[in-house]
Structure formats: C-alpha cells, structure tokens
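Read top to bottom, the protein sequences are chains L and P. First residue of the first sequence: 1, per the UniProt record's numbering; consecutive thereafter. First residue of the second sequence: 1, per the UniProt record's numbering; consecutive thereafter.
A portion of the hints provided could be inaccurate.
Cut-off 27 Å, straight-line C-alpha distance, at most; resulting in silico cross-link-like pairs (DSS-like, lysine-lysine) [as the list claims (entries may be wrong)]:
1. L:Lys176 - P:Lys164
2. L:Lys279 - L:Lys211
3. P:Lys164 - P:Lys106
4. L:Lys279 - P:Lys3
Looking from chain L toward chain P, a few residues come up when the C-beta cut is under 7 Å (computed) [as the list claims (entries may be wrong)]:
5. Val52
6. Ser70
7. Phe310
Worth flagging that the hints you see were computed from the coordinates, not collected in a lab. Beta carbons: idealized from backbone N, C-alpha and C, even for Gly.
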Amino acid sequence: MAQTQGQPVKVIRQRKEGTSALARAEERTALWLLAPTFLTLLVLAIYPLGQVFVQSFTDARFATAGHETSFVGFSNYRNLLSMTIRELPPRIDEETGQPIVQDGVTQFESPFRILPREPVRYGAVGQFGFGGRRYVLGATSPDFIRAIWDTLVVTVIGVSLQTILGMVIALTVATKFLGRGVMRAAMLVPWAIITVVSARIWEWMLEPDRKGLFNTVFSYLGLSDGFTNWTGNPSLQLPSLIAMEVWKTTPFMALLLLAGLSTISGELYEAAEIDGANKVRQFFSITLPLLMPTLAVALVFRTLDTLRIFDAFQVIFGEGRLSMASFAYFQLIGARNVGLSSAASVIIFFLLFGFAFLYIRILRVDTE
Amino acid sequence: MSKAARQTIGRIFFWLLVIIIFFYLMFPFYWATVSALKAEPELIRTPATLWPQNPTLQNFRAVFNNQAFLRGLLNSAIVAGSTTLLSLLVGSFAGYALGKLRFRGKAISLYTILAMTMFPQIAILAGLYQVIRFLNIPTTLSLILSYLLFSLPFTAWVLTAFFKGLPSSLLQAAQVDGANMMQTFWQVLLPLTAPALVTTGLLAFIAAWNEYLFALTFTAFNRPAQTVPVAIAQFSGQIARQEPFGEIMAAAIVVTVPLIALVLIFQARIVDGLTAGAVKG
Chain L
1 MAQTQGQPVK VIRQRKEGTS ALARAEERTA LWLLAPTFLT LLVLAIYPLG
51 QVFVQSFTDA RFATAGHETS FVGFSNYRNL LSMTIRELPP RIDEETGQPI
101 VQDGVTQFES PFRILPREPV RYGAVGQFGF GGRRYVLGAT SPDFIRAIWD
151 TLVVTVIGVS LQTILGMVIA LTVATKFLGR GVMRAAMLVP WAIITVVSAR
201 IWEWMLEPDR KGLFNTVFSY LGLSDGFTNW TGNPSLQLPS LIAMEVWKTT
251 PFMALLLLAG LSTISGELYE AAEIDGANKV RQFFSITLPL LMPTLAVALV
301 FRTLDTLRIF DAFQVIFGEG RLSMASFAYF QLIGARNVGL SSAASVIIFF
351 LLFGFAFLYI RILRVDTE
Chain P
1 MSKAARQTIG RIFFWLLVII IFFYLMFPFY WATVSALKAE PELIRTPATL
51 WPQNPTLQNF RAVFNNQAFL RGLLNSAIVA GSTTLLSLLV GSFAGYALGK
101 LRFRGKAISL YTILAMTMFP QIAILAGLYQ VIRFLNIPTT LSLILSYLLF
151 SLPFTAWVLT AFFKGLPSSL LQAAQVDGAN MMQTFWQVLL PLTAPALVTT
201 GLLAFIAAWN EYLFALTFTA FNRPAQTVPV AIAQFSGQIA RQEPFGEIMA
251 AAIVVTVPLI ALVLIFQARI VDGLTAGAVK G
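Bound conformation, chain P alone (with noise of 0.2 Å):
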C-alpha cells in the first residue's frame, strides 16, 4: 500500500472515530430534547420514533405549572448561589494564607483541605442530620452550610493554585506603599483573582446545583424545600398514571440547558479550573 492510501484510509478512520464519539456523547441529550417535544400518545408509541412526528410544547407548559418543580428551581438557585458565595468568601482568605503567605503548618494545611475532597458525604450523613435537627435549622441553611463541606475544600484548594500563580513582586510593592496584608488582599490581590473566581464559582454552583444525597435526606420531611434534583427525581404527573416521562424529559431539558450554555460560555476557564483542582494536585 502506498503512504498516501494509507494516510487516506488513517483519516477516514480518525473522522468516523470523531463523529462517532460526538454521538455517543450528545445522544441521550438529543434523546431526551425529542422526548420532551413528543405528546404522549406519540411518547408510548412502539417501536420509538426517531424524530417528533407533531412537536409539541405541552410538556413544557406543564413542568412551568407544576409548583414542586418552580419552588425547586427556586430553592435550588437560593441554596446552590449562596453556598457558591460562602465558599468563594471563605476559600479566597484560604487561597491567599496558602497562596502567598508564609506560616507553619502549611504543608498540613494543605493536604487536610485536599483530602477533604476526597471525602465521603455518606460517612457524615447520619451524624450531620442529627446535628441539623437538633439545633433545629431550617433546611435550606442547612443544605446551604453542608454544600460547604464539599465546595470549600474545592474552592480553597482552586484559588490557592491561583494565588501562588501571582507574581509575588506585587506583595511587596504593596507593602512598600504601605498597605498592610488585608489591604492587599482586598485591594490588590483580589481583584487579579477575579477570573479564577468567575470559574471555581461557577464548578462550585454546577457542584451544588448537582447534589443530591444530602438534599433528599434533610428534605425527606420538607417537601416544599426540595431542590430541583430531588424535584425530578420524584416528580410525578397531575393525574395518576406511569411515570410522565414527556414532562421528566422538559424538566431535563430545563434545568440543563442553562447549565450547558454557561459551560460552553466558560468552556476554556473551566478545563483550567477543573485540572488546577485535580493535575496539579
């Protein structure tokens, strides 16, 4: 065989190679988008159809009627947004002491906040549930202060990768002027940060966006303070029958396409933010 058959045949199986793993990883997506456009009549139609034959927004217009549905996105928003603001809060003083500050214990320090991601939210269930009925919080700050055992670590860990990555001249150069290390911090090394904490922000919402175990133990007893995953999980139709799979599709399809649009804005930032998190430690 002669080099350029070869390089031919190298490349029409490096483009099949290419599309087939775009569909592997867009079908379900794809699929679920068709279903939440079907009507039911055409949804328990067999065999499947490829391709809506009558798209229809029914499905949508009922996932925007069902409350649970409304106040979980809502509940989500408000537990998801203010566990991503403590954290960035917190985790930025973290970031800059293990960033850029020289202390001891550092080093320990470090590996408690790394191997605090890696922990098992499942070994505290028990004993976090009880605390939290004991002291008698309410269940969205609840699920917003045990969002934090697993996105401070995160964060913290994130923007510590990020601090040590700022010239330390600009440390200096502010101390010289006379500013002492809060100045700094606020004044000088935080508002360099801005892009790190646009990114670890927005992993830290998807993080908490996405919870679950927690969310449906501490909201077992509260309804009406179910976040979205636990909504979709036991979401049921207005009349008694199966599973409403068309309007289960449309809530996916909501509470997902914000979700891919912010992702594929941040694209680049996020691929950073994800191997800044993981590579490098």
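The shape of chain L in the complex, shown without the other chains (with noise of 0.2 Å):
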C-alpha cells in the first residue's frame, strides 16, 4: 500500500514541467490502482486457461504413475465430437425373412451393431424417426454430446420459462399494494438459498414415494399412483431439474425486470390511458420495448449462467446425468483425465462466446 501511495507524489515531483504533469500524475495513479486487479485476473484465468488450452492438445493425466504426457494433436477433440448417423435396418426374422413385428410396431436393430467399432467404438446417443425410416446418432463421447445437449435443453426451456414468470412477478411487485414490500422480502428468499441447498430441498421434495411432496400432492389429487420416480426416470430428469433451477433463478431475473420497470416514466401509462389502451396493449407498446435493453441483459447473464450449470446437476444426478460442466469435472476428478477434460472446457469456453457474441450482436441490431 505505501509503494502505491508514494508513487503519484514522486512522479508530480519529478515532471513538474509542462501543463500536463497533473494529468500524467493521474493516469500513473489510476495504472498503479488497477494492477493489482488485473495481476489477479492475470493469475488466475488467462494463465490457466492458456494451460487448459495447451493441455487439451495432450493426453495429460493427473496423478498417474509412469505416464508420460505427449502431444496429441486434435485427438480429445475428436474423440468427444466424432458423431455418425446410421440408419438402423428392421429386424429381420431367420425363419420367415420377413421383419419381425410386435404389437404393431417394427422391430429395428439394435444400434450397438450398426454403429462402427473400428477404429473407435461409436456408442450410441439417441434415435429418431424420419419417413418412416429409424437412425441411429452415434458418437465417440455419447456421454458428452448428450451433456451439451442437454444443457442446452436445460438453458433454452429454463431461460424462457425464467423470463415469463419473472416478468409476471416483476409486473405484479411493480403494482402498488398492501404488503408489497413483504412480496419484494419473499421474492429473495430463493436467490439468496445457496444452489447446493436448494438442490438438496428440490430433491427430497422429489422423493420417488410418498415421502415426497411431489408424490403426495399429486397421488392427492388423482394425477399419479405416489410412485414416481422423478429424478430417477430419464424422460423427468430435465423437467425436474428445469423445476428446481426455474424457482431459484427467476427472482434475479424478477429483480433485474423491475428495475428496468422503475424507469419507465408513469406519464407514458397515463397518456395511452386517455388514449383508451387496455392493460395489453399498454404492455405490448410501451412496457416492452421500453424494457428492452434490460431484458437483453438480463437474458445475457441468465443464459451464461445457464450454460455453465454445475451444482444442481452434480447433487441431484452425480454421474448420472451430466451437464458440460460436470462433464468436464467428473473426467478431471473421477478419471484424471486431465487432457480431455481441458478439451471439454475450450469447447464450453467457445460455446459461451458464441452465445455472448450472438446476444450482444442482436443488441446492437436493437439499439440502432
């Protein structure tokens, strides 16, 4: 601290020449109180993630007894992008050679036949229909493009659905009430329980019995038989975690709309009034294109913060069910693969450049 307080006098002192000296005293000041920041930054992510950078091109492993680290070239990305599609044949039965049919359905291959075993072994991620014919995806990582695909479904749906309710809640707590204050106080209650809290809440209330809330209210109302296994059958998975993520995140995004609400002028309301607009149309002409901008950015920070999704994930599935993150955590702790792991982390990291530089493009197209 005495060599940053020292510094500005000494360099009045020594250029006192010139008109200018006060201004250069001043930027040396604002040099020297920036570069402790910017050391920090400078430690603790340019240079890490130079190495991850470097590191996804070798087939680095942490703490593996007589392992030598090689240069690897393109490999881990290869092997956790390299993606087929195949088309699976019907089923044919040896006997009549005809396809086998059961209850009305044909019978496809499985695709661990189809898919190609040499020189890498194809697992497979999913299957769709088209024209009445059925393919297969295969690929190299099935578990690390089902983990991007899936977080994309997580942010995609879990984005929007933040943005409906936030603003419905936002618009509700702009309205002056009795005990609106209480609403403002409820409404941080979930932002400020931590994730891993959270989590743990949402999953015991997803109880796969009746210990469960889920099940008890739904088996209340005739909706199931109190049975479902929520976080266990893979087509609730992501609704459920959707749930658990939608309720803590959309009161940041409640916070940020009404503060964009509390800028628009009431003059503006008060003149489409007399104009004879309704609610709608005052929402739809002045509330939302006033509130553009600060939907923008709050669409920013949610999808980001979406995109890189761990802690709900890591507690409510572990392995589960992965997201990108915990993709790329579990190859870095689980099995040490620390080259790999890297090679997922650049491609989160591009992932989510892509995705900012997309939102800010389409901001400036609105501004203009």
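These two chains come separately, so use the hints to put the complex back together.
Rendered as structure tokens:
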C-alpha cells in the first residue's frame, strides 16, 4: 500500500515541467490502482486458461504413475465431437425372412450392431424416426454429446420460463398494493438460498415415493399413483431439474426486470390511458419496447449462467446425468483425464463465447 | 358488465396472483423447515404430512454435533470473509481509477472486467487445479484466491458505478486543499462509498458462500478443508442408512437463515447493487 501511495507524489515532482503533469500523475495513479486487479485476473484466469488450452492438445493425466504426457494434436477434440448418423435396418426374422413386428411396431436392429467399432467405438446418443425409417445418432463420446444437448435444453426451456415468470412477478410487484414490501422480501428468498441447498431441498421434495411432497400432492389430486421417480426416470430428469433451476433463478430475473420497470415514466401510461389503450395494449406498446435493453442484459446473464450449470446437476444426478460442466469435472476428478477434460472445457468456453457474441450482435441491432 | 364489476374481478384476480406467487416463492423453504422439525418416523411416513405432528429439534441437535458440518461452517466463514475483504480492497482501487480518474485504455479496462464477470469457471478448472497443486498452496488459501476470479470483477464493476456517482467537485476540493490522489481516495471518497461497500461486500460474500465447483474440486482429496456447500452435498448420517434428509434439511435451514436475515435487512440496497452490477452494464 505504501508504495502505491508514494508513487504519484514522486511522479508529480519528476515532471513539474509542462501543463500535463497533473494528467500524467492521474494516469500513473490509475494504472497503479488497476494493477492488482489485472494481475489477479491474469494469474487466475488468463494463465490457467492458456494452460487448459495447451493441455487440451495433450494426453495429460493427473497423478498417474509411469505416464509420460505427449502431444496428441486434435485427438481429444475428435474423441469428444466425432458423430455419425446410421440408419437402423428392421430386424429380420430368420425363419420367415420378414421384418419382425411386435404389437404393430416394427422392430429395429440394436444400434450396438450397426454403429462402427473400428478404428474407434461409437456409442448411441439417441434414436429418431424420419420418413418411416429409423436412424441412430452415434458418437465416440456419447456422454459428452448428451451433456451438451441436455445443457442446451435446460438453458433454452429454463431461461424462457424464467423470463415469462420473472416478467409476471416483476409486473405484479411493480404495482402498488398493501404488502408489496413483503412480496419484495419473499422474492429474495430463493435467490439467497445457496444452490446446493436448494438442490437438496428439491431432491427431498422429489422423493420417488409419497415421502416426497410432489408424489403426495399428485396422488391426492389423483394424477399419479404416488410412486413417480422424478429424478430417476430419464424422461422426467430434465423437467425436474428445470423446475428447480427456474424456482431458484426466477427472482434474479424478476429483480432486474423490476429495476427496468422503475425507469419507465408513469406519464406514458397516463397518456395511453387517455388514448383508451387497455392494459394488454399498454404492455406491448410501452412496457415491452422500453424494457428491451434490461431484458436483453438479463437474458445474457441468465443464458451464460445456465450454460455453465454445475451445482444442481452434480448434486441431484451425480454421474447419472451430466451437464457440460459436470462432464468436465468428472473427467478431471474421477477419470483424472486432464487432457480430455481440458478439451471439453475449451469447447464449453467457445460455446459460451458464441452465445455472448450472438447476444451482443442482436443487442446492437436492437439499439440502432 | 359494469365498470365496477370488472374492477372487482380484476382485483380478485390480482390478489389471487399475488398469493400464488408468494406461495411459489416460499413453499420449498417452508417444506425444508417443516421437514427439519420432523422426527425420523414421521419423515419417512407416507403420505407426507404437511405439518409436523410432533415437532422436535433432534435434527438440529444432530447437525450441531456433526463435526464435518461445523468445520464446513468455519471454513466457509473464513473463505467467504477473506474473499470479500480482499475483493473490496482491490476492487475499490479499481473502482476509483475507473470511476473517477482519467487515463488512456479506460474503455478497454472496463470491458475486460465486464467480460470477466461472464467468464466460465469450468474453463479454467483443470488449469487452476494444476497451478495450485504445483505451487502447493494450502486448500483454504487456494479457495480464497480462486474466488477472487468472480468476486473481484463484480466488486470492481459495481464500485466503479458508485464512484462515478460521487460528485467530482469533492475530488477537486480535496486537490485544492493539497491532498494527493491517494489521500483523496482514502480520506474523502472511500468513507462516502461505505454504504456501497457494505452492499457489494454482502453480494460478494453470498456468491463466495454459494460457490461449489472450485470447492468440490480443490477439497476432493482434502476433506477437512470442505466448505459448507460441499459438506451439505455429501451429508451422511451417523449410522449407515438412507440419506438423513431430516438432518440435511436442518443443515439447510442453519446455513440459509442467517443469509436470509442479512438479505432482508439490506433488501433495498441489494436490489440497487444487483442492478448497478447488471443493468447499468
């Protein structure tokens, strides 16, 4: 501290000549003041990022005896991203030579027999039908492709729901009514609960039998038998996770939108009222356009935040279902595969970068 | 329909909406509280009861006897507290420079810091982990340092907005009185930003208290250094049985209530801080 404090004084004395002495001193002070911040960011972000980038081209392993790290080019990336689409032929009955049909549904060959195994083995990511034929998407790292897909699904659906719900909450709380203070306080509660804790609360509410709140309520309402395995059934896993994520993060969205709403002048609404515009009309022709910049910033924050989702996935599903970030985590800590984990991290980095770039482009179009 | 009738219906609809929103926001927290107050037999009874029949504090007692959890609380307090102080100190320097001083490269500095707030932590996980192991930095210290990655850009950004809001005449008056730029900073401007420091510090503290990815990775082979999110994620009972959800919920309440209390006290300022950090960007 003493050094940074002494510095500007010295500078002033050295450069008494000229009118810009004060300006130069100001510049020196500013640079000294910014130095610790940029030094920290350099050491914590730029250097490790460079390290990750370099290691993504190696087969580095963590704490593995007798392993020499060597340069492997793009092999990690190829390994993570190689995909293929193959058509699944119908299964043929060996006796009749006809396709096997069970309960009116044509049976197809198992993807395992169709997908290539040489030179690298492909696993099935998923199947889809198109024009009466059946295809399988295979990948050399089906887990990673699934993780990217799942993260994108959670992001798109989650952020859309957060935006709609956040808007409803913000508009409600922006209205003057008795108990508005209580509502504003209630709004901060999910935001203040740490993510791991809210994941465990939801995990408990989603218990697979009627110990769980959701199963109890659903069975009371006659909507289920009370034994829905919310976090275990693959088709219910993402909806459950999205429900938790939306609950946790909608308040943040609502807060930002509320701040945006408070900047819109009330006179505009009075004028619209005189012109006879109803509430819905007012929302679409006054509120929404004026809220656009705020909404855009909120969307950038929420999208980038959801793309790097880790806590909820790791706590609720462990290795059972992966987000992009938890894939990279388990490759590093579980499999000790530094090279592959680094390559996955680089891919995530560029994906986020792409989203940010896209948003900024769209924003600029909007402001013009 | 008459105008009065329409207004009444509108009002009923509005209040219904308010109640639904309140219920939606608060219910999971209510459920955690209620579950924490239930004893094991009631906790595993089906169907679940909406209200504890025999409220008991035994889950809370178990939590306060859980050494791993208590150590987690202490570790979290140390890590989040140190992170907050460090990022406030360093961040206020940056905020002063960016908010009040003139120099070349200001815009690019601002954009770099803003970009950092969106930095994906996962992208540097492997690299940071190896740097820490190579330099043999103790786990707690490594957590404090690595948390600066997200708390520092945030505090710097928000404090820049606050410094910018202070009248420049103060700066000039101090200079006329013969104070140099650092004296102006320490003696004139910093005391004026005290409220902003409290708000920003609180937000940085919550973020650090919340952090899980680095904490989980860096403490993977050093369990005594676990922070509270990691301890709660890996909570297990004294006896080998199903997951002790009563105790987990009690632990959840214990770590949440102080935060909620703080958040409610600083309610209005938090909203300002969050929006200064986000919307003004």
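Quick rundown of the hints versus the structure:
no.: 1; hint: L:Lys176 - P:Lys164; result: 31 Å, violated
no.: 2; hint: L:Lys279 - L:Lys211; result: 44 Å, violated
no.: 3; hint: P:Lys164 - P:Lys106; result: 13 Å, holds
no.: 4; hint: L:Lys279 - P:Lys3; result: 15 Å, holds
no.: 5; hint: Val52; result: 4 Å, holds
no.: 6; hint: Ser70; result: 17 Å, violated
no.: 7; hint: Phe310; result: 5 Å, holds
In the structure shown, a violation is registered for the earlier hints numbered 1, 2 and 6, in ascending order.
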